[in-house]
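Enquirer: Sequences listed follow chains A and B, in order.
Here the first sequence is numbered in the working numbering, starting from 143 and rising by one per residue.
Here the second sequence is numbered in the working numbering, starting from 2 and rising by one per residue.
Quick caveat, the hints were computed from the structure, so don't treat them as lab data.
If you're wondering where the values come from, they're calculated on a predicted model, not measured in any experiment.
Every residue, glycine too, gets a C-beta built ideally from N, C-alpha and C.
You may find that some hints are simply not true.
To be verified - Not the full set, but computed from the structure, chain A residues with beta-carbon under 10 Å of chain B:
| hint | residue |
| --- | --- |
| 1 | 153 |
| 2 | 185 |
| 3 | 188 |
| 4 | 198 |
| 5 | 260 |
| 6 | 299 |
| 7 | 403 |
| 8 | 406 |
| 9 | 529 |
| 10 | 531 |
What follows is each chain in one-letter form.
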Amino acid sequence: MGRTLAEKVWNDHVVRRAEGEPDLLYIDLHLLHEVTSPQAFDGLRLAGRPVRRTDLTIATEDHNTPTLDIDKPIADPVSKVQLETLRRNAAEFGVRIHSLGDVEQGVVHVVGPQLGLTQPGMTVVCGDSHTSTHGAFGALAFGIGTSQVEHVLATQTLPLAPFRTMAITVEGELPDGVTAKDLILAIITRIGTGGGQGYVLEYRGSAIRALSMEARMTVCNMSIEAGARAGMIAPDATTFDYLQGRPHAPQGEDWDAAVAYWQTLATDEDAVFDAEIFIDATELTPFVTWGTNPGQGAPLGASVPDPASFADPQERTAAENALAYMGLTAGTPLREVPVDAVFVGSCTNGRIEDLRAAAAILDGRRVAEGVRMLVVPGSVRVALQAVEEGLDKVFTAAGAEWRHAGCSMCLGMNPDQLAPGERCASTSNRNFEGRQGKGGRTHLVSPQVAAATAVLGHLAAPSDLTVNRAAGTAALEV
Amino acid sequence: MEKFTTHTGRAVPLRRSNVDTDQIIPAHWLKKVTRSGFEDGLFEAWRKDESFILNQPERRGASVLVAGPEFGTGSSREHAVWALQNYGFQAVISSRFADIFRGNSLKNGLLTVVLPQQTVERLWALTEADPNAEITVDLEAREVRAEGVTASFELDENARWRLLNGLDDISITLRNADDIAAFETTRPTFKPRTQPVS
Ligand code: SF4
């Protein structure tokens, strides 16, 4: 019987297989950041163990870093200690680190791919649930806990329980204005936040193959929000083109050997998945969340649902609680929901294509009165590219704030936070209670919807804007 | 991880049930960046009360905690185990532990012993009456002994073997270091390395 992409990558990394024991898997790339690594390093120190493969390990600072005044001392004492600890640990154990102010610094899941360190057929781990992002390259990539971080640092391996496979096949062409973010939000609403539990998802079908690498990363990034262990997309010409010439991509003969191997990874035609889901891309529209988990979403053209419409009593209660927290009334058209803030950024939508998409909409327009908009590049490299293209000027001319790279308002761990009760259209990945700051209310959206929402002051799609552009600017390119 | 064969020490009788991990180590201690130094956070809220048993001078240096049922419920934080160990506890006795806490404790070399509530009551009576009374936790014989008490306990063979030999998850994996090294020789040369490239 044929094998799936995930099974092939798994099998190629089994160091040891024994009856009654979990497989011991080799880890090709270990990414570190300041929040989940300190105790792992301390554990090594206490046991007198070195990092086995510093050459397969890399650290960056992202969760705690401020996005303003980055040359000033860090104000929050806890953040400061975490960042300083990572720097000290990296120096002591010989791990490469990209600190605040470094040109390669940025959100860990943006940095790995842009350096070309994430490649097809690899195993990639990080003490961070959104490690699933790297699956966009056909890598098996998943988040781990702090004791597993220590385990990988010490052994470059992990004992892992087997997984099941789920195919999510998306056929057809995404309609104009419908993005990878809308697609993944629709998938999560369809299968639920627990629907992927125990599975490695494989996204496939013509709509997936048509996505750019960055859009594929957006999709895989949120696999974890469906409860999945990981999400993957088979590598193809799009993947190889993205990788070629990146700092850590193979070169010369190595490149040819790598591509030959990568081409063998796609799921065999006769392989069988444990579960399968089909989605018609042509039926999708811009999608937003109305609740407090990423599975509580709806098309932008719909209204806030009535909790009574949920058959499942648990879902009904969850919807009631969500509406209360979000300050929403059932039946309100989503387009009439006003926002106080807009956030464009994060490892989900903080890449150059996302910034271009948002800028294209803001060009020649203004952020609505009373709305605060933050644009935060996912990495310093993304920021530099955006500046080169003049996108920063578009954002500031529109009245948005252009910030330094980091996780920023994706989570309330650094100075960028919502005030209690504030409502935000956010391109990030989690709308949990308090995620963007205590009492903050989050609607997950695509960069395009975020930008249109910023202009109109309520949840909106770019198509709502066509008549609003200031005179003399080019036609809308979305 | 230290080997655990047998341990004898004075006890702290903790007559409370459902002690959750937030009581063992409150959430604000989770911001720390080390695995040690949690001793002052152990039962922090209760220790503000001078009469709390841990604050009594005659309990200083005690190394066996005898707790009520449902010990270690709540959030899965491993810090709860570290706090108990940092304080100096080598073993915890209770009639029932929360699963995740139990798993974390055995992985980290803190022996959690399940005894019937009746036996726990007798250990409480003994150690409350005499703060110098010692309890022996003998993992080899799978037995707890104290004056007038001899009680055997169960522990799954794998966990016992790991504790007796002082093997944590990492040392178990490192027993197969040869397999890891052999695997490394087969990795293709095109796989990336993180050293900066010029
Ligand atoms: S951007 Fe958000 S989701 Fe991504 S790593 Fe940072 S905090 Fe986590």
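Enquirer: Now look at each hint and say whether the structure bears it out.
Expert: So, going through the hints one by one against the coordinates:
Hint on residue 153 of chain A is violated. Least Cβ distance to chain B is approximately 13 Å, over the 10 Å limit. With its C-beta approaching chain B no nearer than about 6 Å, residue 185 of chain A sits inside the 10 Å limit, and its interface hint holds. A distance limit of 10 Å between C-beta atoms decides the matter here; for residue 188 of chain A the minimum to chain B is near 6 Å, and the interface restraint holds. At a threshold of 10 Å, the smallest CB-CB gap from residue 198 of chain A to chain B is about 6 Å, leaving the interface hint in force.
Look at residue 260 of chain A: its Cβ gets to within about 8 Å of chain B, closer than 10 Å, so that hint holds up. About 6 Å separates the beta-carbon of residue 299 of chain A from the nearest beta-carbon of chain B, less than 10 Å, and the hint is met. Evaluation of the residue 403 of chain A hint against chain B yields a held restraint, the C-beta minimum of about 7 Å falling below 10 Å. Nearest Cβ of chain B to the Cβ of residue 406 of chain A: about 12 Å, over the 10 Å cut. The hint is violated.
About 23 Å separates the beta-carbon of residue 529 of chain A from the nearest beta-carbon of chain B, more than 10 Å, and the hint is not met. Below 10 Å, beta-carbon pairs count as interface contacts, and residue 531 of chain A has none with chain B, the closest being about 26 Å; its hint is therefore violated.
Hints 1, 8, 9 and 10 from the list above are not met by this structure, while the remaining hints are.
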